[in-house]
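Colleague: Next come the chains, spelled out residue by residue.
2 protein chains.
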Amino acid sequence: MARPKQTTSPNRRQQILEQAAGLFKTNGFNATTMRQLAEQTGMEAASLYNHISSKEELLREICFSVANDFNAHLLQLEADDSCASRKMEAIIRFHIHMLLTRYNDVYVSNRDWKHLKEPWLTNFLNQRKQYENRLAAIIQHGIDTGKFKAVHPHVAVLTMLSAVRSIEYWQRSKKAISSKQIADDLVMMLLKGLEQ
Amino acid sequence: MARPKQTTSPNRRQQILEQAAGLFKTNGFNATTMRQLAEQTGMEAASLYNHISSKEELLREICFSVANDFNAHLLQLEADDSCASRKMEAIIRFHIHMLLTRYNDVYVSNRDWKHLKEPWLTNFLNQRKQYENRLAAIIQHGIDTGKFKAVHPHVAVLTMLSAVRSIEYWQRSKKAISSKQIADDLVMMLLKGLEQ
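First to last, the protein sequences are chains A and B.
All the letters of the first sequence, read from the start, carry residue numbers 1 to 196 under UniProt numbering.
All the letters of the second sequence, read from the start, carry residue numbers 1 to 196 under UniProt numbering.
Calculated directly from the structure, the hints in this document are not laboratory data.
You may find that some hints are simply not true.
The list treats identical chains as interchangeable, and a pair is accepted whether it falls inside one copy or across any two copies.
Unchecked claim - Lysine-lysine pairs mimicking BS3-like chemistry, simulated, CA-CA at most 25 Å apart:
1) Lys129 - Lys117
2) Lys129 - Lys180
3) Lys87 - Lys147
4) Lys114 - Lys25
Excised from the complex, chain A in its bound form (with noise of 0.2 Å):
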């Protein structure tokens, strides 16, 4: 079962990941069955193993490839010249671009990153670690060049982060406010604080 399926088109495995990201989201990893993502597919569960060899597999495609996006946003950040507040901002801006157009993943990979297993699950928290690392790098260089107050440059990663979460409020609310509002709000609200 576990032979790399090499022959699976892209559309279909993607269709095959979007619902797993969906069916991880709503049971949790744990039980969440490969019958029910077959039938949630369209497909018999025996031709489902032609395309995937199982729903670890999916989960880890789902958290590295979220873990990708975030990764080349941050990339192309630290490349350019901008100062450390703009660059604060885009990240903020990027993570609720994230939460808005990929939720289920995001939501999974926040989540579900728990069930990966070995050599993935400690190379997916390194990676955590060090996106976590270079932003506080970026906010320690907001505060040398006397952009940012002093506070804790972690604490201010981890406050930025879980505040983006709060989009994930909104995207199971009634309430109608635009996207736009919320990304400014939070950015009014996460970057003026930090600012002198």
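Using the hints provided, position chain B relative to the given structure of chain A.
Modeller: Frame of chain A; chain B shown alone:
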């Protein structure tokens, strides 16, 4: 099994509640068994039933006791005549205080409320909604009196409530940062961004 257990000493009951919160937090409510709880408290499962009738009863008591603490603090604050900034600072500090002093209870109440049975589930969700509305009213008052910028009050509330949850990371983190520094940094970041 469902008769009220009036004869249990408050201390023994408190001890069972604390062990239950620890197990719910570590294993999740669904995966926790009465047998595990009996082992943890050093009792026979049968004699545990002399003290409590079900694990749902324990979850309910944890969730509603946490709600009582938050509500009592907010009631007291609403009655005094300090400005919106001071009230919001007191609320942020109280949330941090609760996470530091009743970590397991708050953690379980934030995540496992969905396993409450009716009529408790609806009642609990209504109380949370009311709590958020009352915080939003304080922020709206701050906007009306020119203290705060014109953010959407509910966006500000959920941003703050999400941000204070970053305290959970520090509980798990190896980094030695004092709770006072975390609280001061959070108040500065969250409140200064809101103030005019």
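Colleague: Does each hint fit the structure? Answer for all of them.
Modeller: Taking the hints in turn, this is what the structure says about them:
1. Lys129 - Lys117: within (18 Å within a copy, 38 Å between copies)
2. Lys129 - Lys180: Answer is between; shortest inter-copy Cα gap is 24 Å, intra-copy 29 Å.
3. Lys87 - Lys147: within (12 Å within a copy, 28 Å between copies)
4. Lys114 - Lys25: both (14 Å within a copy, 15 Å between copies)
Taken one by one, the earlier hints all hold for this structure without exception.
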